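Chemist: One-letter residues, chain by chain:
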Amino acid sequence: MYLVVRLRYSQPMRIDWNQYDAGGFYDEMISSPGQPRAAARVLANYLKSLSDQKLARRQRAAELAIEEMGITFTVYSEGENIDRAWPFDIIPRVVALREWRQIEAGLKQRMQALNLFIDDVYNKQRIIRDKVFPKDMLTSSKDYLPQCAGVSPRFGVWAHICGSDLVRDGDGTVYVLEDNLRVPSGVSYMIQNRSVAKRVFPELFRRQAILPVDDYPAALFDMLAALSPRPLDYPEIVVLTPGIYNSAYFEHAYLAQQMGAELVEGGDLVVGSDDCVYMRTIDGLQRVDVIYRRVNDDFIDPEAFREDSALGCPGLLRAWRAGNVALANAPGCGVADDKVVYTYVPDFIRYYLDEEPILPNVPSYRCEDEKQRGHVLANLKDLVVKPANESGGYGMLVGPQSTLKEREKFATLIQRRPRNYIAQPALALSTAPTVVGRHLEARHLDLRPFILSAKDTYVTAGGLTRVALRKGSLVVNSSQGGGSKDTWVVDSGGRS
Amino acid sequence: MLSRVAERLYWTGRYIERTENTARLLNAFKTLMLDLPKGVGLSWAQLIDISGGHDDFKARYRSANERNTLAFMLSDRDNPGAIITCLGLARENLRTTRDIAPSEGFESVNELLMFVRRRLASKRPGNHNYEFLSQIVQRCQGITGLLAGTMSQDAAYQFVRVGRNLERADMTTRILDVGSATLIAPDAELERLEHRLWTWLLSALSAHQAYRQSVRRQVSAPVAAGYLLHDTLFPRAVLHTLCEIRACLKQLPRSTSAVRAVGRVERLVRDSDVHEIFPQTFHTFIDDLQVALGDIHASIQRTWFEPAARSD
Chain A
2 MYLVVRLRYS QPMRIDWNQY DAGGFYDEMI SSPGQPRAAA RVLANYLKSL SDQKLARRQR
62 AAELAIEEMG ITFTVYSEGE NIDRAWPFDI IPRVVALREW RQIEAGLKQR MQALNLFIDD
122 VYNKQRIIRD KVFPKDMLTS SKDYLPQCAG VSPRFGVWAH ICGSDLVRDG DGTVYVLEDN
182 LRVPSGVSYM IQNRSVAKRV FPELFRRQAI LPVDDYPAAL FDMLAALSPR PLDYPEIVVL
242 TPGIYNSAYF EHAYLAQQMG AELVEGGDLV VGSDDCVYMR TIDGLQRVDV IYRRVNDDFI
302 DPEAFREDSA LGCPGLLRAW RAGNVALANA PGCGVADDKV VYTYVPDFIR YYLDEEPILP
362 NVPSYRCEDE KQRGHVLANL KDLVVKPANE SGGYGMLVGP QSTLKEREKF ATLIQRRPRN
422 YIAQPALALS TAPTVVGRHL EARHLDLRPF ILSAKDTYVT AGGLTRVALR KGSLVVNSSQ
482 GGGSKDTWVV DSGGRS
Chain B
80 MLSRVAERLY WTGRYIERTE NTARLLNAFK TLMLDLPKGV GLSWAQLIDI SGGHDDFKAR
140 YRSANERNTL AFMLSDRDNP GAIITCLGLA RENLRTTRDI APSEGFESVN ELLMFVRRRL
200 ASKRPGNHNY EFLSQIVQRC QGITGLLAGT MSQDAAYQFV RVGRNLERAD MTTRILDVGS
260 ATLIAPDAEL ERLEHRLWTW LLSALSAHQA YRQSVRRQVS APVAAGYLLH DTLFPRAVLH
320 TLCEIRACLK QLPRSTSAVR AVGRVERLVR DSDVHEIFPQ TFHTFIDDLQ VALGDIHASI
380 QRTWFEPAAR SD
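Note that the protein sequences, when read in sequence, are chains A and B.
According to the numbering used here, the first sequence is numbered sequentially starting from 2.
According to the numbering used here, the second sequence is numbered sequentially starting from 80.
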């Protein structure tokens, strides 16, 4: 069983916030030794009242609940048992409502601009004509799909579901680290984390106003239903999964079940000569209106993209272009999920909305620019270098933790393909108390809220907090030893 | 319900039943071999013929002795009919339909597969005894009972049930064919042992006790064959399985052509007079029956697993 280390000791001790050391980082719970932040005060005081034995019991109760509820994620392996229990830390991460409203507004603004950008590059390309965004940036992007040009999805929205990663730096500033516009995952864990937290700390939910998160499946359903090309009371909505071996299969099944949608694989779908999509059921072929697809662009339609894909359905793009089926997210929207394009998002906000960005980008260097590249190469030790098109924390260089050899390797890579890399200063990610052995220790974390866009924009209350369980580590991905916490947006009335 | 899900549930029903039938068959055969005098013309090779794995076996093994036969039918992963293969496939089907089939179903099949693997790894194949095979039979029955007792009796469950009953019909005809094979090529010894052989055939289908109770006559070839074909009450008699299949299919949408295919087989069975076809044309009759059962499968596949026509 892979979970947070079990607590095992006999002498009852209590948590002393004066002993808790965030190591000089911004801590989400404690503002200075012994002093909880206003929104976290109820939680901090409550934890103080628990003996470490009681805390251990709660952690065990959470582990059991996770096992019983069958919350798993899948690790790519050749072994027999590929499902792992979801690693969960019982201490929630608290965000003050007042701060959250600001973040929420920033995310909505950002999504609006991103969708306007995507719609623009596939249609009129005003932003290129106006020289705000360079044309070769687009043509060199492997996520720009010419097959999608000229399509205008409903409401002009391409990225219907987005999971943006937010981080907080040492001075307390919240930055957008990246926008996941392709097939972002994790939202089911956000919901499950909440139901586990309610079992573990029921009294805390009674004592304060914590914003609920479980309305997400309903909001997702409404958003998808709004995309239906046929005006029906009950549009046929399906979730398209790559199948049981995908690391997020649990989530695909969970969301389908929560929405009452059919969970389909590529082989279940067929595109007719009328360019409509049907699914094979025991009642015969049934028309599909909306596909929430969790299969990447490359694999979605062997007729249009990768011929060898067995995960998609031939003709899907054709049906989508003809307007007979809605795809969420729309194919080709990954063009705005490129890390180099990311560096332009503040410009998009100014250009399309004529507003100043509410949420800042992490300051970034484009390696393609000669001057910026020179700076990057001279300062590799202090920077984080990221490839333009990877997700899951793969293929990056974390300067401060790198060896000389790794830095030399990346210097060569950057010089060979500068368009492929950006660099950012290594941020001092904020921390929060996490159960480790017999103590609470500070661990680094980030936050992934989920944004739904169709006619309106919806943002989850909080999101999925991911925590790096290894001491000092900045890598929060669950595939690489990360865990998660419940996220509480708390209305404490006062200021954070 | 998605066609893919229906197909996986159907095969789950078949594979669990096949596992049970194979284990029971091996057990019965071992007992029979102990009972028969030496030099009698019944061999392990016949067991392989029953399972339909003749060519497969010949390609990989030299002699059809007890040890090789058991290895082939229990632990040979390249044999599509081996217990280990069937259980693996049943597990895969249940794993991928976990949102429809009860999760305990997956867990039980998984546990059974682990149990079989552990046992097979621990002993030589020839040592697999009565107790081991009986446990497989019992645990399969447990899984069948679990599905029957926990699944809503909707379309999903009907597909499991159809699979189970078609597999039963298939096994019964295979076992009847053993009786016919020994009849066509009469071995002086074997003919004298007819009674013992048919008693064995009945017990290979757990039918001996039921036969005694409902037929109340000494076991003889035509009467026993007639019972295994025509009885409508014994769960493994061909006619009974056909009635079950028909009842299941009728609860599914667009079932006309599949139900018709079942009707054709039912007529074939009902119209047969065992005393008339015994022994000369019995084997041909069983052949026809197996082809007709194959037609039912094909019809099910066409109707529900590969829908082509539009109907909305």
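Hints were generated in silico from the structure; no laboratory data involved.
Because the structure is a prediction, the values reported are computed rather than measured.
Backbone N, C-alpha and C fix where the C-beta goes; we use that ideal spot for every residue, glycine too.
Do not rely on the hints blindly, as some may be mistaken.
Said to hold, decoys possible - Stretches of chain A that chain B covers, calculated by requiring three or more beta carbons in the stretch to come under 8 Å of a beta carbon on chain B:
hint	stretch
1	25-36
2	447-461
What the hints assert, rightly or not - Some residues of chain A that are not near chain B, with every Cβ distance over 12 Å (derived):
hint	residue
3	T174
4	N181
5	R200
6	R207
7	D234
8	V239
9	Q258
Chemist: Next, verify each hint and record whether it holds.
Modeler: Here's how the hints hold up against the structure:
1. 25-36: violated (count 0)
2. 447-461: violated (count 0)
3. T174: 43 Å, holds
4. N181: 26 Å, holds
5. R200: 20 Å, holds
6. R207: About 32 Å separates R207 of chain A from the closest Cβ of chain B, which puts it past 12 Å; holds.
7. D234: 15 Å, holds
8. V239: 9 Å, violated
9. Q258: It is violated; Q258 of chain A is separated from chain B by about 6 Å at its closest Cβ, not greater than 12 Å.
Of the numbered hints given earlier, the model fails hints 1, 2, 8, 9; all others are met.
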